[in-house]
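Novice: Following the hints, position chain B against chain A.
Chain order of the listed sequences is A and B. Here the first sequence is numbered in the UniProt record's numbering, starting from 1 and rising by one per residue. Here the second sequence is numbered in the UniProt record's numbering, starting from 1 and rising by one per residue.
Mixed in with the good hints, there may be bad ones.
[Stated by the list, open to error] Each computed DSSO-like pair below joins lysine-lysine, with the alpha-carbon atoms no more than 30 Å apart: (1) B/Lys35 to B/Lys132; (2) A/Lys373 to B/Lys320; (3) B/Lys320 to B/Lys132; (4) B/Lys407 to B/Lys132; (5) A/Lys132 to A/Lys108; (6) A/Lys320 to B/Lys355.
[Said to hold, decoys possible] From the structure, some residues in chain A lie toward chain B, with a derived Cβ separation under 10 Å: (7) Asp252; (8) Asp415; (9) Pro476; (10) Pro499; (11) Ala500.
It is worth saying that the hints were derived from the structure and are not from the lab. Being a predicted model, the structure only gives us computed values, none of them experimental. Note that beta-carbon positions come from the ideal geometry of N, C-alpha and C, so glycine has one too.
2 protein chains.
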Amino acid sequence: MTSASSTRPLADVYASSLSLLTDLYQLTMAYGYWKQGLQDREAVFHLYFRRPPFEGGYAVCAGLAYVADWLETLHFTEDDLAYLGSLRGSKGAVLFEPGFLEYLRQLKFTCDVDAIAEGTVVFANEPLIRVKGPLLQAQLLETALLTLVNFQTLIATKAARIREAAGPSDQILEFGLRRAQGIDGGLSASRAAYLGGADGTSNVLAGQKFGIPVRGTHAHSWVMSFEDEEAAFAAYADAFPDDSVFLVDTYDTLEGVRHAIAVARRMREQGHELAGIRLDSGDLAYLSREARALLNEAGFPNTRIVASNDLDENLITSLKLQGAQIDTWGIGTKLVTAYDQPALGGVYKLAALRKADDSDWEFTIKLSEQLAKTSIPGILQVRRFVSEKGQPRADMLYNTAAPLPDKLEIIDPQDITRRRAVRANSDYRELLEPIFRAGQRVCELPTLEEIRQYAQREVHSLDPSIRRFLNPHTYPVGLEASLHHFRTDLILEKRPLRPA
Amino acid sequence: MTSASSTRPLADVYASSLSLLTDLYQLTMAYGYWKQGLQDREAVFHLYFRRPPFEGGYAVCAGLAYVADWLETLHFTEDDLAYLGSLRGSKGAVLFEPGFLEYLRQLKFTCDVDAIAEGTVVFANEPLIRVKGPLLQAQLLETALLTLVNFQTLIATKAARIREAAGPSDQILEFGLRRAQGIDGGLSASRAAYLGGADGTSNVLAGQKFGIPVRGTHAHSWVMSFEDEEAAFAAYADAFPDDSVFLVDTYDTLEGVRHAIAVARRMREQGHELAGIRLDSGDLAYLSREARALLNEAGFPNTRIVASNDLDENLITSLKLQGAQIDTWGIGTKLVTAYDQPALGGVYKLAALRKADDSDWEFTIKLSEQLAKTSIPGILQVRRFVSEKGQPRADMLYNTAAPLPDKLEIIDPQDITRRRAVRANSDYRELLEPIFRAGQRVCELPTLEEIRQYAQREVHSLDPSIRRFLNPHTYPVGLEASLHHFRTDLILEKRPLRPA
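So that you can see chain A by itself, here it is in the shape it has in the complex (with noise of 0.2 Å):
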């Protein structure tokens, strides 16, 4: 059945349980806080990165609705737990006391969950997942959003890209699922792909489970299975005499568009039109031209021509350029797996821990050697600070356990001198929403078609600067000058003060 099933996008496709899709140590953390009896201490973590994908300016947020059902359906299985209760430990001991295995089967999730809605454009370091609950549990999440988030964001953000370099009016269709990393690799990035801009996709399960449009030709294979190319062209067209597309290399590219013409002639007097020819190989920019060229003289100016051949942002820009003549891009490989940077880098940090007596939040900080990884203290938000247009111009992060001063000033954490004083009655969004509270979730999540039309809305918001591949504007993005202040002070505790 067709179905927008944004809501459910795991379950339609996973049957299996999936909690054991985790990380060893967040079990062994998990048995070792049950053992200390730190399990219920509550905990803040964060999830975001550290610089947007692609050496570019921003990322499209996504994998959310992957997230939201994955924690609906968290719970452990008598098999997940029979499995983890055969784990031996290097003396031959069992790994998990008895204990700790009826704990996990009685564990009920009970965190709130707070996020960015997919589609947002997002920065580095904006909490893009705040969990908030018994450390156990908050701790035992981490993996499973990482991996849910990392890799939807990380394409969603280069299909947005790709629309950036196609232009508004052009198609772009997905053609990725026989290079993709394994099958989920292939289905969530096809949606992740349609999310971020995407017009369709070849990949039929996804059509199916997520209702994205559904487009394709046919293989050289078609070709070779007749005796010549016309008769093949001919033979596609009788199948699908108003949606034909035609492979035309084939044997030779120019050839092949001649005996497109000839057969979209034929279609013509039978009361059709040849949809479009597709150009896979060779010289794009000049065999565009000439292909257009061919199909103009023989009045089939309105015949598409589709590209495609390990084509992405940049051989897209570098095409338009040289003056190519394609209207419907056809991207594989170097979408669905982000080949020039195929992992954004996402982390999932400790922020805040109730005291050992239940009184007060402790803020916690992880230092590394470059400023750039030392993690930010507090419970956050990120409020977005827009234009009368709604054009964003800053966002700033701060610790909403702290009071915040009235006159409001953000602070680059990479840069400390670079300050931003933030007008009064400036018109903002938060941009954290509840999506878990106690465990329960809180929210309808849009679907997929309405998460693509805000996702072109939110990017064409931004300034075609932060937008641009090569170089592009830092947005501004800040500590509230406080929570910086707290954040240095709670470094300098930390790190011990080294002979020089």
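Specialist: This is chain B only, laid out in the frame that chain A set:
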């Protein structure tokens, strides 16, 4: 339950039908063949890659267990058919006639499938899978076979390279799930990494589903959840007295090592030994040497040093050259995404088709401007000639549907001046083995453990010059001379003679 479920790797996790895990064009072509009455014309396709990944000299074949599982369960469910029936062309008419959907409903898989065993070292142009059967069916398999084989072969090869760099005695742990490309991008990467040479994974689901040893330490957040680092280590040791690996870089790495040693001393008093420490940032060469010295001085020469942080085969090689004292390598992103080349460009090409009168085979070819991308016609087998010690000497691709001459000669398809005469009585083995006959499985596949051991033997059987990372020696793979001549004639026949 633990299970070395290499025979049903998909069914365990993906309960929904995966028959639509394909590109739409496979179905539009199927429809076209059905309309033309060509659905049962016998065809032969080969799946192969054109260049080993990572600019290396070989690949380790993987993914067949998934392929076999997918093929065994292939059928169109009512949901699948309802979805396909819902698709509309541009003029609003159904894309597929009801008669075709009925055909798909009745469709039974009846192909012959031959494949190279998982774990075998393979080279450019060698068919990893050969499918022979009705044109419609054989075509329909393309996308899923490519998705499953491309990715797992890529990752198994990456793991073999990392094993090459780490040497035979170091431990290699795959830690990549959080940066993997989706759930299955993580899960099948864990399988392929283990197959190719890793010793374990952090991915608990992969442990449960495939019986891979699972390993893990703790996160920075564990340390941050305690008053100080020493208290955190002591608490972890409490939970895992014989299996503790302390992450020492939350605040200051060498201070962390000192804290680990302090706790290790108390552990020893209780009769336990600290298993290891983990370095996750900073200068791993320097820090590991300093840590080793501190541990040794303190009487802990057997405490292992685990290192992680964006490692790959090149960084491991470099660290070893710098005298790094690391004996366990935690490899994440760079392994599970094959970061420096995140896709293997495997293709699936039609190579033979029965003539319309069913009398004989017609061999087919896909041309390209680049000779390397021109396909190889025939019903191919790969014969591997081996030395008396079993070391591979050369591979010969030949057409099983043509007689073999008495004197065998192989010709490099990239450079026809590179020819080799095969010695009479050379030992050899044929790499493609029957997996399905008339749609029925005809073999037991080995367990993952068996495949892993076989893969290690396979890689070690290669000359080191072929295994090296930089400019490896090209292993000789040639076309049997009569196949070469036949192919050349076919190219000349199909390629139009252009004016100069």
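Novice: If a hint holds in the structure, say so; if it doesn't, say that too.
Specialist: Structure-based check of all given hints:
1. B/Lys35 to B/Lys132: Measuring from Cα to Cα gives roughly 21 Å; hence the hint holds.
2. A/Lys373 to B/Lys320: With Cα atoms ~26 Å apart, A/Lys373 and B/Lys320 stay inside 30 Å; holds.
3. B/Lys320 to B/Lys132: violated, 48 Å
4. B/Lys407 to B/Lys132: Given pair B/Lys407, B/Lys132 holds - Cα atoms ~28 Å apart, limit 30 Å.
5. A/Lys132 to A/Lys108: holds, 15 Å
6. A/Lys320 to B/Lys355: violated, 44 Å
7. Asp252: Holds. Min distance 5 Å.
8. Asp415: violated, 22 Å
9. Pro476: Hint on A/Pro476: violated, closest Cβ of chain B at ~28 Å, above 10 Å.
10. Pro499: violated, 13 Å
11. Ala500: Result: violated, 16 Å to nearest chain B Cβ.
In summary, the numbered hints that this structure violates are 3, 6, 8, 9, 10 and 11.
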